[in-house]
Every structure is written in C-alpha cells, then in structure tokens.
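Those protein sequences? They're chains A and B, same order as listed.
Just so it is clear: in the first sequence, position 568 is 568 by the UniProt record's numbering, and no numbers are missing.
Just so it is clear: in the second sequence, position 115 is 115 by the UniProt record's numbering, and no numbers are missing.
It is worth saying that the hints were derived from the structure and are not from the lab.
Mixed in with the good hints there might be a few duds.
Stated by the list, open to error - A few chain B positions that, by computed beta-carbon distances, are all more than 12 angstroms from chain A:
id : residue
1  : 22
2  : 46
3  : 145
Unchecked claim - Using C-beta positions, here's what the derived DEER-type ranges look like:
id : chain 1 : residue 1 : chain 2 : residue 2 : range
4  : A       : 360       : B       : 126       : 41 to 49 angstroms
5  : B       : 33        : A       : 391       : 49 to 57 angstroms
6  : B       : 129       : A       : 552       : 20 to 28 angstroms
7  : A       : 360       : B       : 30        : 39 to 47 angstroms
8  : A       : 20        : B       : 177       : 40 to 48 angstroms
9  : B       : 177       : A       : 357       : 20 to 28 angstroms
10 : B       : 24        : A       : 339       : 56 to 64 angstroms
11 : B       : 177       : A       : 578       : 41 to 49 angstroms
Stated by the list, open to error - With the Cβ distance kept under 10 angstroms, some of the chain B side facing chain A (calculated, not the full set):
id : residue
12 : 17
13 : 18
14 : 21
15 : 58
16 : 70
17 : 181
18 : 182
For every residue, glycine included, the Cβ atom is placed at its ideal position computed from N, Cα and C.
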Amino acid sequence: MKNSIAERVSDFLKNHPPFDLLDAKKLLNIAKEVVIIYLEKGDVLFKQGASCNNHFYMVRNGAISLTYSNNNAQEIVSMSDAGDIFGVRPLIAQENYKLTASAHEESIVYGIPIDSFRLAAENNSRVYKYLITAFATNAYDAYTTKETHEIFVDYLPSNSRDIANFQTANYTKKPVTCSVNSSLKEAALKMSENKIGYIVVIDDAKKPLGIITNSDIKNKIATGIFPIDTAVTNIMSSPVITGNKNLTVADGQLQMIKHNIAHLCITKDGTVNSKLVGVLTNHHILVALGNNPTAILKEIIRAKRTKKLRNARLKADTLLKNYLEQNIPITHITKVISKINDALTVRAIEIALPKMPTPPPVKFSWLSIGSQGRKEQLLYTDQDNALVFEDVPKAKYKETQDYFLELSKHVTKSLNKIGFEYCEADMMASNSAWCKSISEWKNQFKEWILSPGEEAVLLSSIFFDYSMVYGSQNLTDQLTDTIYEALEESNLFYKMLAQDAVKSPSPLGFFRQFLVEKNGEQKDLFNIKNRGLMPLVDAARLLVLTKHIKGINNTFERYEKLAQIEPNNKELYESCSYAFKALTKFRTKHGLKHNNSGKFIDLETLSNEEKLKLKRCFKPIDEIQKTLTLRFDLKTLPI
Amino acid sequence: MILGWFKRKKRHYPEFWLRYLETFNNNKNETIATTRFVAFDTETTGFDKKKDRILSIGAVSILDKSIEVNESYEVYLKQDVFSNKTVEIHGILKTGSLKKVSELDAIESFLDYIKDAVLIAHHANFDKDMVNEMLLRHGLGKLKNEFIDTGYLFSKSKHIIYRENLKDHYTLDDLCAELNVPKVDRHTASGDALITAIVFLKILSRLNRRKHLNWDYLLNKT
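Just chain B, with the same shape it has in the complex (with noise of 0.2 angstroms):
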C-alpha cells in the first residue's frame, strides 16, 4: 500500500527532479579523490528564508582537486521580491542587462548540474535553506546530497592550543585571510563559489598533512 502511495506521489513530479533522485541509486563507495565535491554559493535578495529570494547561483565542481572552468555554474534568477538594501552587496539589479530565467529552470538546472556530489559552502546551513525553500515552493523534496560548511570544517581543522579562542563563525573574508586564498570577484555567487573551493582545498590539504583526512571527519560523524 505504501508503496502505491509513493508511486501516485512520484507521478506528480517533473521529469528532472526524478532523474536527479535516480543519481543516488548508485551505492558507491568512493574515495575523497574520486568524489565529485560542488563549491557553491547563493545571492539572495535577504536573509529570511520564507520571504527572501535567489537571485543567483554560481558552483564549480571539484574532482581530484582540479576545477573546470567549463563544467562551472551559474544562473540569475527572475524573481518579484526584490531589496534595495542587499542590491549594493551582490550588484545585482532588478532590471539589468544579465540573462534571468525562471525559478523553476534554475531549480532544472541547478540539480541537473550538482547530481549526488557532495555539496561545499560557506555557512552551508543558510544556503541549503534557502535552495530548500525554493524546492518546497515548487513542491518537490529536499536537497538529497551530503553537505560540508567550510566555516564549520575550518573551526575544527584549528591547532588545539587555539580551540579555546575559536571565533563562534568565521566570515568567509577570514578565511581567505588566515589560509591566504586571494579574493577574487568576493560577492558574486560565482567568485564565492570559486574561492570557497579553494579554501576548502586548502583545509583538505592542512587535514591531509596531520593525517585525519576521512570522510567521518569530513561529513561530522565523528
């Protein structure tokens, strides 16, 4: 029977999300090298997930620590809500002259381009959100893949003798800062995507170098 309610459900949904659920089937187990890791980063007209909006998203996908510029991402979205007040951080009018499409082909677009990697950002949490959100509005699931918050990862790749004066959060400009990435295009979801991959290498690469580099450690479950 529960089965047959799944089916019925299943019917209502488009094409693209199933074939994104279908990228999870595969069981693998597969290393950190051969993992398809996606850096990514939202520009949002706020931070109340319920009334704010995307207004882009950039990703690159990382796979045995090369980027692709090719197989990089990025989508503008039209949306109705709109905040001046956010407008001077992302530079993105409500008008321009950047090629916007809908929502619902970003939404196509966007799990189209992440499948099952394993999905990297800064502060992950508000991110996955407000994709969620967005998901939710066109009634589809929740994000499936694993995520990893470099703020959150970077706290706990600290020396011990500082985890006392840990700072609670961790901009992503002090990050760039303390593992001398260097800021490029900073506030575009693109640049942002970009650099917090390389500064999630870079913690990879300090992880690496005191030999705890494993998935429990990356995924906290440890």
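One chain only, chain A, in its complex shape (with noise of 0.2 angstroms):
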C-alpha cells in the first residue's frame, strides 16, 4: 500500500544526519516505522532510570530537554531542537535511560525504531560513526569526539553551569591580611580602605589564622562586647578553613555549606599551615556558577542568537528557586526576574530588527501588559504585549501597521523560543488588533473609558497595567495622559472596574471554608490566581487610577503609595500589599514544584501550616473588597 505520510517522514529525516548517509529506500522502510509523538510542553518522554524502549528520536517541531537530576537538584544537560537527535545512547548502550526527556515547549518528535533503523543501517560504518559521535557530543563536549573508547564513560555534564563546577575556583589573589598583633581599629581601617567585607589574620610565616568579616565587627564590636582597640586574636573566627589552589568551584561550595563559612582560604599545600596565597568566597561561586542577575544580564545582552537567551533564561530560573530557598525577600526578587524578563525583550526586538528589509519607518515603543506591564512576573507565563507607532499619513497607514506586525512576529516567535508561550488570548503585538498608532491607541483608551462595556473591563485588566520595555517613551507618556484626561470624564468607568474587582468572592467566604473550584477537572484545585492574586490587582489598578498615581506599575508598589496618601487606610494598604508578596510566592514556589504555571493550587498537598498562612492572606482581600464596594457605591450601579 502506498503510504505518503511514510514519504513526507522521510523527506524530513533525510536532511539530517544520520539519515542523509542512508539511500532512499532504506530510508522509506524506516520512516514507515516511525511513530509520531506529540508533546504539551513539559510532557515527559522518557524518564531517568527507566528501562529504554526501542527507539530512539528526533525533533520534527519545537525543543527537548534532556534533564539529569541528582538528589534534588535537576541540571539541563542539553536541548534538542529540530533535527536534533537524542536517546540513542541507552539504545546501544543496553542501559536505562541516564536523563530524563521533556518537550521544553510544545514539540512533535519521531520516534525511530532501533530495529528497523539497524536493519536499515546494517554495514553502514558511518551511520553509526555518526551516532556514536553525536552521543557523545551529547554527553560531554565536543572536544571528546575524537575520544570514541570513552564515550559509554559515565554521563559527564555539559552546559557551562556544570563545567563551571569542575573548574578551578577563580580566587582572590591578593587578599587583604594583617598580623596578629593588629588592633581591631588597624584591620577596620585597612578593610575599609580596600573597600572589603574581610580581612584575614595571619602569622610571621603568613599562615592564616583567623578571620575577621564585617559581621564580627558588628556582633562583637558594635554590640559593646569588646572595644575597638581589642586585639584582632580575640574576635577573629578560627581556626580558619583551608582548600588547596586546584581547588573546584563545586568543591569549594560544598566547603562553604559544610562548615557554614562565607570566605574559604586557599593556602599553598592546603592546609592551615601552610602560606596564605588567596581567599575564595561565596560571591566568587556565584559569579563561576553564573548565577547572578549581572552575569545572566551581560550574556543577555552580548547575545546573538534566540537559543542564547533561552540559556539565559534557564539560568534566571534557577536563580528564582535559589533565591526562594535563601528566602530573599520577594520584592527584590521580582524587581531582579522582571528586569531580565525585560531585558530579554528588549534583546529579542535588537535581534528581529535586521531581519527587517529596512529600518523601522517612524519610531514605536514596545510595552509590556499584564502581569509583565506590572512587573511582577516570576514563572514563565504567556506572553502579553503591544505596540505603539507613531502617526503616519492615512494612505501610509496600512503599510506601516503591516512593517511593525512583521517585525513583532519576529519578537513573538524568539520570545516564543525563549520559553514564554503565546499568549492564549493573542493579546501580542503581532495582532493588528493590538499593533496600532498612537492616536488610534488613544481612541482606543478613551472608548473603553467613556463607553465601558464588559469587554472594556476585561481587556482593561491587562492593557491599563502596560509598561514601556523599548523605543519611544514620548509615545508612552502622551498615551498615559489621554488615559488620566479621559478618566476624568467618567465616573461609570471606575464603577465597572469596581464592580469586577469585588466580583471573586473573597475566599475567607463560606464557614471560612476554601471555595474550591466547582467544575470538571478543577474540582479540588484551588485558583490563588483568580481567587487570591487578581483581587488585589484589580483594586490596586483601580485605586491608583482614581488617585491619578503615574508610573507605579507593581501591585505591592501601588498599595504602598496608596498607604502614604491615605493614612487613614494605611493598615489596610499594608496588608494587601503584604498579602500580594505571600500569595506571589507561594504561586511561585508551587508553580516551579509542579513546573506549571502554579495558578492551580491542590489542597490535598498543602500543609496545615500553609493553609492558615493562605487564609490570614484572604483577610485583606475581604477587607479591600468592602472598601471598594462602600467607596464606589456598588450597591446601586446601573447595570
């Protein structure tokens, strides 16, 4: 039986190795083999320890992470895309599956029977030259493929994160001592001067002995303890711990957990009693790891590529799960996640911009809506955007409308890349809906505020919270003044927006029960989104709308003005901004453990703990939700 999907497989198949070094024939007997899986994103497809099925794949559509997790910790050792293959290795091996595979997005991949492609490659000593070399391309670097005897070695990992383990720690070279029998004022002042939060005590032979960091100075000198002139031997923390100058940023991290230590000394044999040659501290880790918000901004902006950000962007969620477990506090957290969130926009639009046939025809601000506009986007979710063009003649209209579409549909699709989804509702700025000249955006404000209909409300959600992340701020701030002088028009506007902000019950509701969602699939889940987080931003938007407060565009943000100007609220205020910071975080953290969006909350998996920390937080909302219902009337709106 002719069978032309079997064909068009193997139309794709041979453009990729190894399948271009087969003859057609050959090929088609394996392409009818095929099977063609989808994945959702975050769909598994194999798991790590599971026994391997008989084939292996390759990327038709989207991209593959192959993930290795060790205790708790989960490391991306490689993303396939197109073209890609991956899961030979158990195949030929004869092992389980070493990784486990997961669509990073939403992907179509084919699998390959191992026996029919055998058969198929039966003799074929590049065939399978290929596939061992690509394995092993896979599993280390590609320095290694030469080295074909070492590639069924235990699983090396590759990305740089997890090279950087194994490197030698890069050090302070010249630390910062002084001897032992310094006063603790010397070594202050001597700290001070070289602008550094330590200073280690070391003996006539340059062994160290001690340390002394900013944080004895101030438990044992500021606290009265001692006085400034005490000697350095009797508040220095010792002995010291020593690692030897070969020492590995992974080994030296494990030093600095194991005896609960900032600064590790680096001596020349490695031990403490041998000469002081540097200091490795925590921040020397972090920068190795490339764990820091610096580091991840500066690749993003030296990118060339989309799969550069995508790396980035990997890098910033770790960040945002180790920040969680150090419990830093969530404001800061959000400020770090939203300002690399932005900056890879803005790295994406520099990126699409040459792909253009001529440069943008007037100038355009690319603005950031919803939770994105507020900056308060932690997870990866969809993507929410638009675009403001200046005006051009009517006859020009259509063509510059259509320039600025093409170029957003190149930002969409690397955003797209990177790892935010489509927005669901196509709220982009590659739908001419959303893509639109200034004044034609100004009437668009202006319609919604004068004539507000429940389309308006809705949309008003997510279009009034918008924040400018390129181009003009000219045009952003002539569209924020229309909004404030058309608000002044309307009152019935306000009303509505009320009216919506109070329509989710708050959840302290029934016998103060949790409302779980009712229907289908969601029974037992309960939204914290919907529920718990858009209640307070909605009255947050709408508060600051009635008082006219420009450019404060985050929810917790918003409740702390609002607190300075109406003191008699301040409480109030306070408390919505606080609860706004919990929920967030426990959205995240929930979201990153189920590696979802976190909107759904099971019950069923909350403890006790969490679920009175969750309840104090819905107080507030019941409490915002009264104010907005006495302040604006609601009783008797006229709808």
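If you follow the hints, you should be able to join the two separate chains into one complex; please do so.
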C-alpha cells in the first residue's frame, strides 16, 4: 500500500544526519515504522532510570530538554532542536535512561525504532560512527568526539554551569591581611581602605590564623562586647577553613556549606599550616556559576541568537529557585526577574530589527502589558505585549502597520523560543488589534473609559498595566496623559472596574472554608490567581487610577503608595501589599515545584501551616473588597 | 417479530460490515488518553454528495498523543465519475500510475481500519456525508462512530475576547497558520489527515491548559 505519510517523514529525515547517509529506499523503510509523538510543554518522553524502549528520537518541531537529576538538584544537560537526535545511547549501551527527556515547548518528535534502523544501517559504518559521535557530543563536549573509546564512560554534564562546577575556582589572589599583633581598629581601617568585607589574620610565616568579617565587627564590636582597640585575635574566627589552589568551584561550595562559612582560605599546600595565597568567597562561587543577575544580564546583552537567550532565561529560573530557598524578599526577586525579562525582550527586539528589510519607518514603543507590565512576573507565563507607533498619513497606515506586525512576529516568535508561551488570547503585538498608531491607541483607551462594556473591563485589566520596554518614551507618556484626561470625564468606568474587582468573592467566604473550584477537572483545585492575586491586583489598579498615580505598576508598590497618601487606610493597604507578596511567593514556589504556572493549587498537597498562611492572606482581600463596595457605591450600580 | 426482521436483514450484510458493527459492542468507558482517534480526509470529484465520488481516503490513528506511521491508512478508488475541475487540487488522474481499488474494497478496508474509533475531520460533515453516501450505494448503514469537527472545535476553543469576531468558517490553512502547524503535503488525503491530526492534538492541548478537556466538551454535549 502506498504510504504518503512515510514519504513525507523520510523527506524530513533525509535532510538530517545520520539519515542523509542512507539510500532513499532504506530510509523509506525506516520512515514507515516511525511513531509521530505530540508533546505538550512539560510532557515527559522518557524518565531517568526507566528502562529504554525500542526507539530513539528526532525532534521534528519544538525543543526537547534533557535533564539530569541528582538528589534534589536538576540540571539541564542539553536542549534538542528540530533535526537533533537523542535517546540513542541507552539503546546501544543497553542500559536504562540516564536522563529525562521532556518537552521544553510544544513539540512533535519522531520515534525511530532502533531495529528497523539497524536493519537499514547494517554495514554502514559511517552511520554508526555518526551516532556514536552524536551521543558522545550530547554527553560531553565537542573535543571528546575523537575519543570514541570514552563514550561509554559515565555521563558527564555539558552545559556551562556544570562545567563551571568542575573548573578550578577563581579566587582573590592578594587577599587583605593583618598581623596577629594588630588591633581591631587597624584591621577595620585596612578593610575600609580596601573596600572589602573581610580580613585574614596571618602570623609571621604568613600562615592564616583567623578571619574577621563585617559581621564579626557588627556582632562583637558594635554591640559593645569588645572595644575597638581590642586585639584582632580576640574577635577573629579561628581556625580558618582552608583549601588548595586547585580547588574546584563545586568543592569550594561544598566546604562553605559544610562549615557554614562564606570565606575559604587558599593556602600553598591546602592546609592551615602553609602560606596563605588567596581567599575564595561566596561571591566567587556565584559568579562562577553564572547564577547571578549581573552575569545573566551580561549574557543577554551579548547574545546573538535566540538560543543563547533561552539559556540565559533558564539560568534565571535557577536563580529564582535559589532566591526562594534563601528566603530573599519577594520584592527584590521580582525586581531582578523583571529586569531579566525586560532585557530578554529588548534583546529579542534588537535581534529582530536587522531581519527587517528596512529600519522602522517611524518611532515606536514596545509595551509589556498584564503581569509583565506590572513587573510581577516570576514564572514563565504567556507573553502579553502591544506596540504603539507614531502617527502616519492615512495612505501610509496599512504599510506601516504591516511593517510593525512583521517585526512583532519575529519578536513574539523569539520570545516563544525563549520560553514565553504565545498568549492564548493572542494579546500580542503581532495581532493587528494590538499593534496600532498612537492616535488609534488613544481612541481605543478613550472608548474603553468613556463607553465601558464588559469587554472593556476585561481588557483594561491587561492593557492599563502597560510599561514600556523598548522604544520611544514620549509615545508612552502621551498615552498615559490621554488616559488620565479621559478618566476625568467618566465615573462609570471606575464603577465598572470596582464591580469587576469584587466579583470573585474573597475565599474567606463560607464558614471560612476554601472555596474550591467546582467544575470538571478543576475540582479540588484552588485557583490562587483568580481568587487570591487578581482581586488584589484589580483593586490596586483601580485605586491608583482614581488617585491619578502615574508610573507605579507593581501591585505591592501601588499599595505602599496608597498607604502613604491615604493614612486612614494605611493598615489595610499595607496588609494588602503583604498579602500580595505572600501569595505571589506561594504561587511561585508551587509553580516551580510542579513546573507549571502555579495557578491551581491542590489543597490536598498543602500542610496545615500553609493553609493557615493562605487564610491569613484572604483577610485583606475581604476587607479591600468591602472598602471598594462602599466607596464606589456598588449596590446601586445601574447595570 | 421485530427481532426476526432485523435478523433477516442482517444476513444480507457482508461479513466486514458485521465485523465493523461488532467493534461497537464492548461498552467501554474510556479516557481521552486511552481512546483511539482516527483523523481522516477524503479527496473527491466535487462537493455534491449525490453526484460526486471519493477518489481517495487518507487516515491516521492517534493513541495517547502518538501517531504510528505504519498504522496509517491510504486508499485510491476506481471511479467512473470524474471531474477535470478538481484534478488541479488533489492531483489524482483518472488513469494514473496509482494502484486503485473498487469502492466496495475501499469501504471494507476503511471500516476495518477505523473500527469504533472517534473520527476527526476538518469540516467533518462533508467527509461524513460523502462516506455515508458511499455506504448507502452499497446497501450498508451509516457510520456509527462519534465525530469531532476540528473546524468547530477550534472556534469553540478561541478565547472569549475573540468570540465576537469569529469567522463562520475556518479553513485547514487558517488553523495551520494560527496553530503553527507546518503544511506538508496539503491536498492529499493522507497529508490532510495528518495535518488534521496534529491540529486536533494542538487544540486538545489548548483545552487542557484551560483545564476543560473532557468528553462532553469534545463531543459537543455541553
């Protein structure tokens, strides 16, 4: 029987090694046996430790991430793009999967049965050589490909972070030191002079005896326990923990965790009994791991391809996890992650611009809207964006809009590759409804404000929280001014927004029990976004609009500002700000744990303590809703 | 009495038709993941279900988001009705090098292939009518399978904001564009069946993300 689909599959395969080495007939025989697998983002194709099935895989569309987990840590080993093969090694080595393969984005994968492949590739040594090289490459790095005898050695991770782990740590070579006879004051002056937070106390043979850090000065001097002219030996931490010059980053980090210290003295022979040659600090480790915002931002700015941006965003995710584990304030985390997200967008635009046949015909600005616009996006979410361009003569309008639509398509595609899903509702600059001239946008906002309908209210929750990411600030300012002018003329709009903000009752509701989503598969899942975060977001936006506060997009910052200008309600606003931060953290942790948006929370999985914490957050929601109902006189709404 | 009437009638049915009906007997309550779906497409001489004829049928089966290529189905039919107008769309010549089978043989192999699967087609009513007419010509009953129309399901899956500007009619090309499905081999029955299958899986994933993926929704009972 004719099999057109097999022909098409072989058409794809033949363009990619090793299939390009096979003749057409043999290739068609393989293609006939292929399984076409569709994977949603996050779907697992095979799991580490599982016994291998009889297929290896080629990515047809999308991207598959291969991850290695060790204890609790999960490392991305590699990312397979269209045309890449993976999952070969377990088949040839006859072992269980050493990695987990899952869809980094929506993907289509071809599963190729090894048996039919073997049959077709029989006696074709070039094909085998390719496969062997391919998985050696996947498993390690390009330079090992020659050493084919090494390919069965245990898996060695390959991404840059992992390699960093095995690199020799880069430590401070000339550390600031003082002698054992110094007074604390002398040591502190030296630290201050060198703008550094620690000093090593050494003896005459330059062996490290102890270390004094900022926190020692805070805890032992400033508290009055010791006077400032005390001997350094009185307050130094001693003995010091040491390591040798060839210490790897991973070992250094291990030592620090083990001894709960932030500084490790590097000595000539690695023991405390030899000369001090340097100091390795926590900071060095962070830099080496590339998991610090500065390094990530640098990587983004230097990125020439979307793929590099994707790697940077993945690092930001790890950073996010670390931050949450370290209990760093959510306000700081949001700032860092938003900054990274904005930088990614800017770079995506800069990469897209040269792909256009001409420079932009007029000025434009790229707006983030929704949660991105509020800069409170932590996890990967859908992309929401819009584009404003300068007015052009009517005759030029379509041409100009088409230009920006095309540009936006490049950008949204890149953002999608980086990991931001396309907006389900297509609220993106690549949609002609959301890519318009400044006048069109002004009219749009005026229409929403002056003749508000259900749709206007729905959209205002997304579009009113815009912030400019790239382009002309002037256009954005014009838009903001128009909005506040229009708001002067309409009270109905406020009322409708208020109505909307109180529409989901606070979950404190019935008998203080959780209102659990009732229908279908959402059963027993609590929608923390709709029930917890959105009411707070909506209320904050509305109040900020009524007070004509410009330029504050963050929900918690909005509440903090409101607390300042309305001292009567200071307490309520502050508790709203707190509740919002707590809920965000809750959602983010939950999302990271389950690798999703964290929107739905399974109540079964919560501890009693967590339930209690959640409930505490609901109290301010209840109160702010009551306040809105009163203030906007919602019981007499004319609709 | 009525039972006897049925029995008498049944005897005239060919073996394969009974075999097909038999597949519906095990009343199983299946999940979406364990259900066999078959996406199919027909190429025809035109759009008149009485006058026009099916020239080829292509189909692929989907089980738990996977499509096995060796499990796909493709058949070309010998037909006396011929239309020059549609040749340029599907490229099937009246006398070509393709191996063609009689309509009855095609029906047999098609029914053996689809069994009790849930059928997926783009603008399903057209394909359904064409197949049912063909069955009728050979004295058989209509298809018993559940149908899902990707065109309709797609409109239904659109976000609430855009419900107002929905088109009445989404072509398979529209869906490919919106769902980012590569258009390979468009306008062959097999190619379109595969595209339909992928489009269907993408819509399912969209519904799944919104957490309202269930049978009632898919089969249009809500």
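Quick check: does the Cβ-Cβ distance between residue 360/A and residue 126/B fall within 41 to 49 angstroms? 45 angstroms, holds
Going by Cβ atoms only, is residue 21/B closer than 10 angstroms to chain A? 25 angstroms, violated
Verify this label for me: residue 46/B is non-interface relative to chain A, using a Cβ-Cβ cutoff of 12 angstroms. Fine: 22 angstroms to the nearest Cβ keeps residue 46/B off the interface.
Taking the minimum C-beta separation from residue 22/B to chain A, is that value above 12 angstroms? 24 angstroms, holds
Hint says 41 to 49 angstroms; check whether the CB-CB distance for residue 177/B and residue 578/A agrees. 46 angstroms, holds
Starting from the range 20 to 28 angstroms, see whether the pair residue 177/B and residue 357/A falls in it by beta-carbon distance. With a Cβ separation near 22 angstroms, residue 177/B and residue 357/A satisfy 20 to 28 angstroms, so the hint holds.
Within 49 to 57 angstroms: is that where the Cβ-Cβ distance between residue 33/B and residue 391/A falls? Roughly 53 angstroms apart at Cβ, these two residues keep to the hinted range, so it holds.
Cβ separation of residue 20/A and residue 177/B, checked against the hinted range 40 to 48 angstroms: For residue 20/A and residue 177/B the Cβ distance comes to about 30 angstroms; the hint is violated.
Less than 10 angstroms between beta-carbons is the criterion; does residue 58/B satisfy it with respect to chain A? 7 angstroms, holds
Holds or violated: residue 17/B as interface residue toward chain A, Cβ cutoff 10 angstroms? 22 angstroms, violated
Satisfaction of the residue 181/B interface hint, Cβ to chain A closer than 10 angstroms: 9 angstroms, holds
Under the criterion of a CB-CB separation shorter than 10 angstroms, is residue 182/B in contact with chain A as hinted? 7 angstroms, holds
The earlier numbered hints that this structure contradicts are 6, 7, 8, 12, 13, 14.
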